[in-house]
Amino acid sequence: MELVCPAGNYPMLKAAVDSGADAVYIGFKDDTNARHFAGLNFNDGTAAKAVRYAHDRGRKVFVAINTYPQPAGWERWQRAVDAAADLGVDALIIADIGVLAYAAEHHPELPRHLSVQGSATNVEALRFYQQQFGIRRAVIPRVLSLAQVQQLAQQAPVELEVFGFGSLCVMVEGRCLLSSYATGESPNTSGACSPASAVRWEETPQGLESRLNGVLIDRYQEGDAVGYPVVCKGRFTVAGSTYHAIEEPTSLNTLELLPQLQQAGIVAIKIEGRQRSVAYVGKVAQVWRDAIDSCARNPAGFAPQSQWMEALASVSEGTQTTLGAYHRPWQ
Amino acid sequence: MQLSLGPILYFWERDTIEQFYEQMIDSPVEVIYLGETVCHKRRSFKPAEWIELARQLGTRGKQIILSTLALIEAGSELGGVKRLCSNGELLVEANDIGAVQLLSERKLPFVGGATLNIYNAQALKHLLGMGLRRWVMPIELSRDALADILEDARKLAIDDELETEVFSFGHMPLAYSARCFTALHHNLPKDDCQLKCRDYPEGLAMHSQEDEEFFTLNGIQTQSGNIQHLLPHWRTLAELGVDFMRISPQPEHTLEVVQRYHQALTADAGTSISELLSSPPCDGYWLNKPGKDIIARA
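Here the protein sequences come in this chain order: A and B.
Letter 128 of the first sequence, counting from 1, is numbered 128 in my numbering, and no numbers are missing.
Every number in my numbering is 1000 more than the matching position in the second sequence, counting from 1.
If you're looking for bench data, these hints aren't it; they were derived computationally from the structure.
Computed list of lysine to any residue pairs in SDA-like fashion (alpha-carbon distance at most 20 Å, straight line): (1) 1196(B) x 244(A); (2) 1125(B) x 106(A); (3) 60(A) x 11(A); (4) 1196(B) x 239(A); (5) 1062(B) x 1088(B); (6) 1289(B) x 1213(B); (7) 1125(B) x 131(A); (8) 1082(B) x 157(A); (9) 1046(B) x 1077(B); (10) 1196(B) x 328(A); (11) 1082(B) x 127(A); (12) 1082(B) x 148(A); (13) 1062(B) x 1089(B); (14) 1289(B) x 198(A); (15) 1082(B) x 155(A); (16) 1155(B) x 73(A); (17) 1289(B) x 72(A); (18) 1125(B) x 1161(B); (19) 1125(B) x 1164(B); (20) 1155(B) x 75(A); (21) 1062(B) x 1052(B); (22) 1155(B) x 72(A); (23) 1196(B) x 240(A); (24) 1041(B) x 1082(B); (25) 1155(B) x 76(A); (26) 1107(B) x 1133(B); (27) 1196(B) x 329(A); (28) 29(A) x 275(A); (29) 1289(B) x 197(A); (30) 1107(B) x 123(A); (31) 1196(B) x 241(A); (32) 1289(B) x 211(A); (33) 29(A) x 88(A); (34) 1107(B) x 131(A); (35) 1125(B) x 134(A); (36) 1196(B) x 243(A); (37) 1062(B) x 1001(B); (38) 14(A) x 55(A); (39) 1062(B) x 1025(B).
Source: prediction; values computed, not measured.
Let the hints inform the model, and build the full structure from the sequences given.
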């Protein structure tokens, strides 16, 4: 299985490559990708350096152009596709049908992966993208159970890549507008969920409060673990009780499922977190490299080592991890 | 400008559904979308029964369209969608690309639902080539984006064949999940949800800790807390070339809402319907603001 790691800048890309990533995915410095954050991502110069660094060491670079362009920005997405092709990257990661059509027509030789933002959760959807745009691979949303992943892999006309580790989206990617409902910006339109510009923190007599465009997302007392106010991860009140009504701030960690994923024929494991640090990607890539190699050598005897799990827990959001939808009872 | 009635997004009892459509079939909507779009486990009507109901209603003067699940994971879910796509006569609204694949294989025309994520004219053009006849604009897009998309559609010479629909009234469907938030509220796993959403015919309101209505939990779907209400903007929609304003069924006052929309569109009546609203109105998305914002007076 291929290990696909995130890089939000050149030092992260080097750390990912040096720690064992087979492929690194990056984005350009604009809203053409789903991690459009200040200070993050690559311009043409750093992207060229990144491609050189990875290719010199026999690794691949994928470019995420995985938001949904509206007409006013269409040319920016075209330019991103052309620029990535000029850089000689190894694949484009695309969600939008218009962008897929453009890439397939103008750069047919450049492999296309369907982004997780393309929301393909069933075999008919995969067939659509394969037949229409010749996609080679699809990244599947974090909503499928392990049994559903296994079944999909049996029938899929393309390679499948699944998320292994990182922040957890509880909603089907590409189909979540909660952030734009609250702030006006969403992953689809702006490449951002719960953008930092909409976040306010305030100490009050009731506790520390986090707000998203004015809406109270959570309120913390002394000793509570404090988390970034992602729109779906606060404590809200439903029928008189106040709790994490949608999702708790936890991270996805599927390390223990590696043998089953390998057996199912999953070709790649994706690590989330282009917005995280050099240390994060180095540590996570190292653990997953060791785990994937260990699983490949001896799948039957594979067991997650405690030092792997501790290392991953130390960089997890909310410092807790979950199997997410892979684990049926979580659903 | 015509009115359409979206699919019922909540889990209602069979009798309630039958009575509802009996009422709506004589209302001023021109189009009725029928079917379960949220959760396959809701079985007041099975797919074959939706088709049967649609056929019966189809003889009574309105365009009846079958609407498919927005999130298709399990084989049984895909089976239900296939059943609707091979109904043999009625038009289908595809709410997932998987349904587009099934319909285009059968060389059938289709309506593209809001969750197909058509954000530009290039995507429209591609889907038109596959049988798209009408599209529902993504919920989060604005007036300006729609104007641009339709302008690009004219430049691509694809606007003649195309009908445009906009979600205009109701709690907006905003997200779909692996988790069932209604089951979670009752501390039940999804596999043993005991169909709790049957107890919430208008969903389950989720408030901030300051009592601000934020979202509405509806099984695996999360809806807006506020109610989209675009009637005050109907002239702009009409000028842009929108063909249908969609009204989403709510348990109370849907017929009155339809009538008020119809009176405003045809007889220039007022657009205020505040006494019919169970939650605050909003129109932020349409005006390029956060979706929850209210700009025009309801």
